[in-house]
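**Q** One letter stands for each residue in the lines below.
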Amino acid sequence: MKSKTADRLATGVFIAIAIIIISILVGLFSYILVNGLKHISWEFLTTPSSNIRAGGGIRDQLFNSFYILLITMIIAVPLGIGGGIYMAEYAKPGKVTDIIRSCIEVLASLPSIVIGMFGLLMFVNITGWGYTILGGALALTVFNLPVIVRVSEDSIRSVPRDLKEASLALGITHWHTIKTVLLPSAFPSILTGIILAAGRVFGEAAALLFTAGLSTPRLDYGNWNPFSAQSPLNIFRPAETLAVHIWSVNTQGLIPDVEEVSNGSAAVLVISVLLFNLLARWIGRLIHKKITATK
Amino acid sequence: MVSALMDKQTGKQAGESESKRNKESILEVNNLEIFYGEKRAVNGISMDIGKNSITALIGPSGCGKSTFLRSINRMNDLIPGARAEGEIIYEDLNILSEQINVVALRKEIGMVFQKPNPFPKSIYENITHALKFAGMKKKSKLDEIVEESLKKAALWEEVKDRLHKSALSLSGGQQQRLCIARTIAMKPTVMLLDEPSSALDPISNAKVEELIIDLKKDYSIIIVTHNMQQASRISDKTAFFLSGDLIEYEATEKIFTNPSVKKTEEYISGRFG
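So the sequence lines, in the order shown, correspond to chains A and B. Mapping to our numbering: the first sequence position 115 is 115, numbers consecutive. Mapping to our numbering: the second sequence position 272 is 272, numbers consecutive.
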């Protein structure tokens, strides 16, 4: 085969692959949206779910999903970036570092149901908390942390060495260099990693089944006392998230409108992840502009 | 200043026979050896670096001149497995000593790199970055130093209207002068220049050379260069390195007109390297 033909063939193959990927995505999205959008209404989003009757909404599940995501990120992001900084800047190359790195990789590839079982043991039984938001968030942290560590490490490593040397050569300490030169430069890629991780957390069901539970207590959204059992902000209450809700109405739902509820929930889930991504990217770009003074 | 360089004041080095030291020199290198792991990159060199003068280090790639330069502000500390033996005396202290506060040392011995490496921040912040870290917070004082250092680096006129624009919007030559400006802002005594104009076009190169000559009155400058014309144009003394050895170290004029070692002559006339 002539190299020119081979080149054309390769171009064609890659274009075909791109088309396959895009059509899968478009197909999936339109399927979910076409089936789900018609069930989404203000009422659907703002009424609590029902166990038996038709017409229940997803108010609490939606809130729980965002709240667990928030708590998870509050725990996982500082730990993950800290771990990434350690791996990129402080860990000396050698056996110990290699072992740490393998541990992180193994942790990243654990099936989420296994993490759920581990969470059941650690954060539900041993601690004696029962099913809680905090337990769920900790399980999701275990599931999430390796990804954030890995992304942070890679992003920090990919900052040109020149910049680090420039800062150190001006008589600036290692830590201050990390804080003011390396992290800001690595920020866009760290943010992308965190958004990807957040999307996974938002849609995760298996790790939450046995940690945050399948039920939500009756919530009073006027109650902002985080220690009250009825408060949505209480992190020691069980919380069914949207993804878990989709699973549970489909497997054990008694309501007559299972299909409507699960299709509607699926659409809300997908739209939320999408909006969340766009928003995070937009904020990230603003921050990046501000620190780099680019217009 | 001297005491700030020591983590722990031992007293012994500080009082050591000051009169013995040559007042004309800012750095005194004694039998310096530098290793990367097992490999020796610099083989026991000794030389005095003159105060308020320009010293050029020349030699083929891999001859150890950049390694030597980077040992003067301890940048080699960043390379795993690199270590130095011997002495580099600065203000009566051996700066290779474990007790030297490297951060304080680098404020006094600044460095400009081969590739312009401004921070991805505004022009203004590139200069204030290190000043702020050193504890300078007052806006008026910062403004003043920014202007002063940019003027010294002959960049002020070109950037005064866009100080808060990104430094990456500058041309390569302007970026390199900005890097020199931010080093000047720290008021070092010694400036190490590692092929500062090799990545620049001829016009920017000429500007940077002019600038370096001008800086001589305030700073002691050591410059690594591959450009023979540059070395002969701007430096007062020239050191020729070959495979980790210091072959010849003389007044620039003598090196370029009447070198005493044959290897030096061959290198300068372009017969190898």
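No lab work stands behind these hints: they were computed from the structure. Quantities reported herein were computed from a predicted structural model and do not represent experimental measurements. Among these hints, one or two may not hold up.
Below, simulated EDC-like cross-link-like pairs (lysine to aspartate or glutamate); rule was C-alpha separation at most 20 Å, straight line [said to hold, decoys possible]: (1) 92(A) / 265(B); (2) 152(B) / 108(B); (3) 115(B) / 220(A); (4) 132(B) / 165(A); (5) 51(B) / 77(B); (6) 187(B) / 161(B); (7) 290(A) / 161(B); (8) 51(B) / 236(B); (9) 39(B) / 28(B); (10) 152(B) / 214(B); (11) 151(B) / 214(B); (12) 187(B) / 154(A); (13) 254(B) / 38(B); (14) 115(B) / 7(A); (15) 115(B) / 98(B); (16) 92(A) / 77(B); (17) 187(B) / 201(B).
Covered stretches of chain B (in silico footprint by chain A; criterion: 3 or more residues with CB under 8 Å from a CB of chain A, positions within the stretch not fixed) [as the list claims (entries may be wrong)]: (18) 109-119; (19) 231-243.
Don't be surprised by glycine CBs; every beta carbon is placed ideally from N, CA and C.
**Q** All hints are to be evaluated individually against the structure, with a verdict given for each.
**A** Hint-by-hint comparison with the structure:
Between the alpha carbons of residue 92(A) and residue 265(B) the distance comes to roughly 44 Å, so the proposed pair goes past 20 Å and is violated. At roughly 17 Å between alpha-carbon atoms, residue 152(B) and residue 108(B) fall within 20 Å of each other, so this suggested pair holds. Distance restraint check for residue 115(B) and residue 220(A): the Cα-Cα separation of roughly 61 Å exceeds the 20 Å cut-off, and the hinted pair is therefore not satisfied. Of the pairs offered as hints, the one joining residue 132(B) and residue 165(A) holds, with about 18 Å between alpha carbons and a cut-off of 20 Å not exceeded.
Our distance criterion of 20 Å between C-alpha atoms is broken by residue 51(B) and residue 77(B), whose separation comes to about 25 Å. A hinted pair counts as satisfied when its Cα atoms are at most 20 Å apart, and residue 187(B) with residue 161(B) does not qualify at roughly 24 Å. With a C-alpha separation of about 19 Å, the suggested pair residue 290(A) and residue 161(B) falls inside the 20 Å cut-off, and the hint holds. Between residue 51(B) and residue 236(B) the alpha-carbon distance is near 11 Å, which keeps this suggested pair within the 20 Å criterion.
In summary, the hint linking residue 39(B) to residue 28(B) is not supported, as the alpha carbons are separated by about 24 Å, beyond the 20 Å threshold. The suggested pairing of residue 152(B) with residue 214(B) holds, with an alpha-carbon distance near 8 Å, which does not exceed 20 Å. At roughly 12 Å between alpha-carbon atoms, residue 151(B) and residue 214(B) fall within 20 Å of each other, so this suggested pair holds. Restraint check for residue 187(B) and residue 154(A): the C-alpha separation of about 35 Å exceeds 20 Å, so the hint is violated.
Taking the CA atoms of residue 254(B) and residue 38(B), the gap is about 36 Å. The hint is violated against a cut of 20 Å. Among the hinted pairs, residue 115(B) with residue 7(A) is inconsistent with the structure: their alpha-carbon atoms are about 36 Å apart, more than 20 Å. For the hint pairing residue 115(B) with residue 98(B), the CA-to-CA distance comes to about 30 Å; that exceeds 20 Å, so the pair is violated. With a C-alpha separation of about 13 Å, the suggested pair residue 92(A) and residue 77(B) falls inside the 20 Å cut-off, and the hint holds.
About 28 Å separates the Cα atoms of residue 187(B) and residue 201(B), which puts this hinted pair outside 20 Å; it is violated. A count of 7 residues in the stretch 109-119 of chain B with a Cβ less than 8 Å from any Cβ of chain A is obtained; the coverage claim is therefore met, three being the minimum. Three residues within the 8 Å Cβ limit are the bar, and the stretch 231-243 of chain B against chain A gives 0, so the coverage statement is violated.
Taken one by one, the earlier hints fail for this structure at numbers 1, 3, 5, 6, 9, 12, 13, 14, 15, 17, 19, listed in ascending order.
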